[in-house]
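Asks: Each chain, letter by letter, is given below.
There are 2 protein chains.
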Amino acid sequence: MLKLCRRYLNWIQNSVFEGELTDVKLKELVSEAKEIMIEEKDSIIIFKSRQEKWLDKMIVGQEKNKLDNII
Amino acid sequence: MLKLCRRYLNWIQNSVFEGELTDVKLKELVSEAKEIMIEEKDSIIIFKSRQEKWLDKMIVGQEKNKLDNII
Numbered sequence: 001m002l003k004l005c006r007r008y009l010n011w012i013q014n015s016v017f018e019g020e021l022t023d024v025k026l027k028e029l030v031s032e033a034k035e036i037m038i039e040e041k042d043s044i045i046i047f048k049s050r051q052e053k054w055l056d057k058m059i060v061g062q063e064k065n066k067l068d069n070i071i
Numbered sequence: 072m073l074k075l076c077r078r079y080l081n082w083i084q085n086s087v088f089e090g091e092l093t094d095v096k097l098k099e100l101v102s103e104a105k106e107i108m109i110e111e112k113d114s115i116i117i118f119k120s121r122q123e124k125w126l127d128k129m130i131v132g133q134e135k136n137k138l139d140n141i142i
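Those sequence lines, one after another, are chains A and B.
Letter 3 of the first sequence, counting from 1, is numbered 3 in this note's numbering, and no numbers are missing.
Heads up: take any position in the second sequence, counting from 1, add 71, and you land on this note's numbering.
Honestly, the hints are just simulated from the structure, not real lab data.
Treat the hints with caution; some may be incorrect.
Simulated crosslink set (EDC-like; lysine to aspartate or glutamate; CA at most 16 angstroms straight-line) [to be verified]:
#1 Lys105(B) <-> Glu18(A)
#2 Lys128(B) <-> Glu18(A)
#3 Lys48(A) <-> Asp94(B)
#4 Lys119(B) <-> Glu18(A)
#5 Lys112(B) <-> Glu63(A)
Since we're looking at a predicted model, the values are computed, not measured.
Please work from the sequences and hints to get the whole structure.
Replies: Right under this line is the structure:
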């Protein structure tokens, strides 16, 4: 699941990812995720914002993925 | 940290919480969190949306906190 999500998004913390996706790419990601998850047990929660400016991001402490972006 | 966050927010998945907070309450939460976290190591990422309608939520699989809300 980590590998799959990293193909589409940036990993920001534990099981949290962030990124910009088109609707088509999002559908692709969800359908691939459904193949590997157990739908009765696992869950994916997707928060979507149509415009980046509508969502403020605030980081307290360490920004984990600085290194991650370089690798 | 789980206990602290649950005082202010709903726990939705692993280390992810969601809720509506005033700016004052958010500042309170952040300052309490800073007291228990190691700022050089730990991190909290806060996504803020001014209006609920600007943020769509989509759940794939199980909605974990159904039970959590009842308790």
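Asks: Of all the hints numbered above, which does this structure not satisfy? Sort the numbers upward.
Replies: Violated hints (numbers, rising): 1 and 3; every other hint is consistent with the structure.
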